[in-house]
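> One-letter residues, chain by chain:
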Amino acid sequence: MTEKSEKRRQYMFVIRQLAKRDVKKGNSSAFLGQLWNVINPFVHMITMVIIFSVVFDNHVPNYPVYVLTGTIIYSLYNSGTTGAMKSMVANKNFLVRTRIPKNIFVFEKVYMAFINMLYSLIGYVILLIVTGVTPNPYMLLVPLDIAISLVLILGLGKILAVINVYFADIEYFYHILMLLFMYGSAIFYTMDRMAPAAQMVMSFNPIYIAITIARICVMDGYAPGPMLWVKLGCYAGFFYLLGSFIFKKGTQDIVAKL
Amino acid sequence: MVVEGGRESDKQYINVIRELTRREIKRKYARSFFGVLWSVLNPLLYMAVVTFVFSYLFSREIENYPAYYLTGYIIFSLIATGSTTSMTALKDNRNLMLKTKWARQTFVLSRVYTAFVNFLLSCISYMVVLIIFRVNVGWTAVFFPLDIFFVMLFLIGLSYALSIWYVFLGDAKNIYGTILMVLRFFSGLFYKVDDLSPGVKTFISFNPFYVFIKVARDSTLYGKIPEMSFLVQMVIWSVGMYIVGKLVFKYKENKVMEKI
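Keeping their order, the protein sequence lines are chains H and W.
One gets the numbering used here by counting positions in the first sequence from 1 and adding 4 to each.
One gets the numbering used here by counting positions in the second sequence from 1 and adding 4 to each.
Where hints are given, some of them may not hold.
Which bits of chain H does chain W cover? Going by a derived footprint, with three or more residues having C-beta under 8 Å, they are [stated by the list, open to error]: (1) 40-47; (2) 179-185; (3) 192-202.
The hints are simulated quantities; they were obtained by calculation from the structure and are not laboratory data.
The structure displayed is predicted, hence computed values, not measured ones.
Beta carbons: idealized from backbone N, C-alpha and C, even for Gly.
Full structure from sequences and hints, please.
Shown next, in the form of structure tokens:
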């Protein structure tokens, strides 16, 4: 038991080291460094609010918070899965030379996405205060929403990482798919603008579900219905198991392939 | 400068750019199965997704939406990818710069050239789309290559300036990335600019990205001679940017080596 926890601590250390390297690589010479993680989602939100309230003529109460909630969660999914997808290929040298368990590399990318999300939450909290959103107990459910999402992202990331080793073009396909999800997750519009059939399809979109849960907790202040949780939980469970299975199968002779 | 006038050295100069570009493209598609084909496919896939979203899900009415979007997309991508990749050109090629005596512009120009090759490939999909959606391309389409010429001039100037800026300020990449993200939404890529409120509309009409896109759309899709005000803006933006970029590069170039 103690040996196991010792191992776990070691892995956590490796993940942190790798994450540190990634942060350095991304912002090596930037003076403002990590602050960009706070600035970027904020500017993005402002732009989206201006453009989409003009183009789509949206009348959503507290549109800025509505949009930023969506953007932050979408970014978590997008950067988590995309990072994980590239994790094995990018750490080729490490993988071949060391005996670190391979899923550490996938973990690390999801961890990175999570940390980046925490940074963007700074701007989010400020926005909540400025727009006068009153704190309510249901906000405490948001971490649960994020936790389930992370499990799902991890599962998806594992699958993508394996595919990427054998079929590099997945990166291009996935990019397009995420673009579709960006428009299909009701980030900047409300569902009722869409045809009933489209609404039906969207209610099965896990990113949309995760965003909806967060919006209900933060903006509407009541407990999201059980169906939302069940759906999201099923996605997470299913893809986590599938991901772990594929990862196990797929990584057996991966070193040779790399 | 090291490489000085004369036909022979001009040829050499171009050869180096070509060689660097080849390397760049190869690296980009090194592991990919479809390889360079992605440069043709990608714009089409983007177009398909955005068209699906905006004309079916939101039923926005823009005549010939696929071609409308694609015109904007390929021009925006040319400038955006060209300038973003050029920005890091000097820093990325630090070793080559120390070892060889090639003119420093070479590294920037090769990135611009790579983006241009990519653009030409995406023009294949553009032409296919124009034919499929039966766009009547008239004589006014001669403005299209002219427009692209000015886009390139603008891009080269911009790239010169950005590559120097990045050497001196690491945050430049983040700043420019953010500006680009904002401008992407304000370039009239996927919506009709006429629908916007006057304030936003005025702002957009001074955005160089939009100016270039507008000239291309008017001349190619609508068979019109582009409005004079946009033609004038097009020339001013590109010539102005080219001169600024060139000057920045000339005066700061020598300091770059110390800094790097």
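> Confirm or reject each hint.
Against the structure, the hints come out as follows:
no., hint, verdict
1, 40-47, "holds (count 4)"
2, 179-185, "holds (count 3)"
3, 192-202, "holds (count 5)"
The earlier numbered hints are all upheld by this structure, with none contradicted.
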